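*Asks:* Listed here are the chains, written in short residue letters.
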Amino acid sequence: MQAGFTIQTRGTGLFDITEQVGGFVKSWRRDEGLLTLFVRHTSCSLLIQENADPDVRKDLQAFFRRLAPHASDPSMDWITHRTEGPDDMPAHIKAAVLPTSLSIPLSGGRMMLGEWQGIYLFEHRDLPQARHVVAHIA
Amino acid sequence: MQAGFTIQTRGTGLFDITEQVGGFVKSWRRDEGLLTLFVRHTSCSLLIQENADPDVRKDLQAFFRRLAPHASDPSMDWITHRTEGPDDMPAHIKAAVLPTSLSIPLSGGRMMLGEWQGIYLFEHRDLPQARHVVAHIA
Amino acid sequence: MQAGFTIQTRGTGLFDITEQVGGFVKSWRRDEGLLTLFVRHTSCSLLIQENADPDVRKDLQAFFRRLAPHASDPSMDWITHRTEGPDDMPAHIKAAVLPTSLSIPLSGGRMMLGEWQGIYLFEHRDLPQARHVVAHIA
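Chains as they are written, first to last, in my numbering: chain A, 225 to 362; chain B, 225 to 362; chain C, 225 to 362.
Next up, chain A with everything else stripped away, as it sits in the complex (with noise of 0.2 Å):
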């Protein structure tokens, strides 16, 4: 069973798509298994995070941001791929180390997240994109 479906973005930021992964995992009726999500993009992430404090999200968005500052940053002047905007490479750079896929096992209908786990969008560029998810159950 498999599903392909798309987030809209409002630039960088983690967007919260626990519920609309639950709502796929409900209507598939698939009591055990393993969902498999995957983003068909370079310069976003899927990331599994503290869903309780909104300033984790503020405080993991302003840590990648200091790990990968944007092109025209004093620091990143050895960065040669321009082209694409200030914002793409240190994107490229957050998505490897984020992950572009999640493994989550179902059982009893739902995915066995633990308590404070929200599943997040992690959109890198600075404008508004359109992303690309594909969820998987097996």
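Note that these hints are calculated values from the structure, not bench results.
From a predicted model like this one, the values you see are computed outputs, not experimental measurements.
There could be a bad hint or two in this list.
Said to hold, decoys possible - Now the stretches of chain A that chain C is said to cover, found in silico as 3 or more residues with beta-carbon under 8 Å:
1. 303-309
2. 317-327
3. 355-361
Unchecked claim - Quick list of the computed label-pair ranges, beta carbon to beta carbon:
4. C:Leu-351 x B:Gly-247: 33 to 39 Å
5. C:Thr-304 x B:Lys-250: 33 to 39 Å
6. C:Lys-250 x B:Glu-243: 35 to 41 Å
Stated by the list, open to error - Partial list, computed: chain A residues near chain B (C-beta under 7 Å):
7. Leu-258
8. Ile-272
9. Gln-273
10. Asp-277
11. Asp-279
12. Val-280
13. Asp-283
14. Leu-284
15. Ala-286
16. Phe-287
17. Met-336
18. Gly-338
19. Trp-340
20. Gln-341
Just so you know, even glycine gets a beta-carbon here, dropped at the ideal spot from N, CA and C.
Following the hints, complete the assembly by docking chains B and C onto the known chain A.
*Replies:* Frame of chain A; chains B and C shown alone:
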């Protein structure tokens, strides 16, 4: 086939769970297939790493402590999520950079790990924790 | 369905294995399913990244070389694991941060990669190595 188990950590560090996971695989008598491990937390990780020289694990810990020091470190004054202790936000950062799940093919009833690969639960919090892991075989 | 194959690297760098993996998928004549790739080493990685501008791969290498320089670099004087050469511990660090396995859904007998996604074996050691990869389809 699915089972949950708990790892009792003794604070920050890498805990070898290779034998325990291998025991599950053996008990399930499944010759070929795919094992997925999933940890239900956002402040620890699962990791496949070198199982030979313990210094490798020591250095990995040192690297991640330098990558994301405690929130009390002057270099981390930008952190806003501070209510759960100075080790909590750095733990979320490490959990974003390191895996929440592992996928390991099986053959001849065994995990196809390389000779130098071990499976570890990487605890990022300072204090001991009970960590819940799900093992799924398909 | 499972197969092993070997990638001969030519030292540090990203080696495109998209065609080779696509060949396996094609030969297995499986319309729908999930492909898992697993690398049996702890000093190289598998990575899905941009397949267009080669500068992206060059910059990714530069980023990771800056994130974890050779143990001989003064900034890495805290490294204790030094017996296997100055490139070994940094290779383990990169292998912790980057994926050991990839999960890619199949549809219509093909991998559902996005237009700009390629599959790479990322060699972290200085010298050429023979790297063993397992491909599993379910």
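*Asks:* A range of 35 to 41 Å was offered for this pair. Does it hold for the Cβ distance of Lys-250 (chain C) and Glu-243 (chain B)?
*Replies:* holds, 38 Å
*Asks:* Holds or violated: the hint that Val-280 (chain A) contacts chain B, with Cβ atoms closer than 7 Å.
*Replies:* holds, 5 Å
*Asks:* Against chain B, is Asp-279 (chain A) within 7 Å by beta-carbon distance?
*Replies:* For Asp-279 (chain A), the interface hint holds, since the closest Cβ of chain B sits about 4 Å away, which is under 7 Å.
*Asks:* Grab the minimum C-beta distance from Leu-284 (chain A) to chain B and call the hint holds if it beats 7 Å, violated otherwise.
*Replies:* holds, 6 Å
*Asks:* Under 7 Å is the threshold here; is the Cβ of Leu-258 (chain A) close enough to any Cβ of chain B for the hint to stand?
*Replies:* Constraint on Leu-258 (chain A) satisfied, holds at 5 Å.
*Asks:* For the hint on Ala-286 (chain A), does the least C-beta distance to chain B fall short of 7 Å?
*Replies:* Holds, because the Cβ-Cβ distance from Ala-286 (chain A) to chain B comes to roughly 6 Å (cut-off 7 Å).
*Asks:* Would the hint on Met-336 (chain A) be counted as holding, given a Cβ-Cβ threshold of 7 Å to chain B?
*Replies:* Result: holds, 5 Å to nearest chain B Cβ.
*Asks:* At a threshold of 7 Å, is the proposed contact between Gln-273 (chain A) and chain B supported by beta-carbon distances?
*Replies:* holds, 5 Å
*Asks:* Report holds or violated for the interface hint on Trp-340 (chain A), using the least CB-CB distance to chain B and a cut-off of 7 Å.
*Replies:* Holds, because the Cβ-Cβ distance from Trp-340 (chain A) to chain B comes to roughly 6 Å (cut-off 7 Å).
*Asks:* Does the hinted range 33 to 39 Å hold for Thr-304 (chain C) and Lys-250 (chain B) at CB?
*Replies:* Once the Cβ atoms are compared, 34 Å apart, the range 33 to 39 Å for Lys-250 (chain B) and Thr-304 (chain C) holds.
*Asks:* Holds or violated: is there a CB of chain B closer than 7 Å to the CB of Asp-283 (chain A)?
*Replies:* holds, 5 Å
*Asks:* Quick check: do three or more residues in the segment 355-361 of chain A have a beta carbon closer than 8 Å to a beta carbon of chain C?
*Replies:* Holds: 3 residues of the segment 355-361 of chain A have a Cβ under 8 Å from chain C.
Against the hints set out earlier in the document, no violation occurs for any number.
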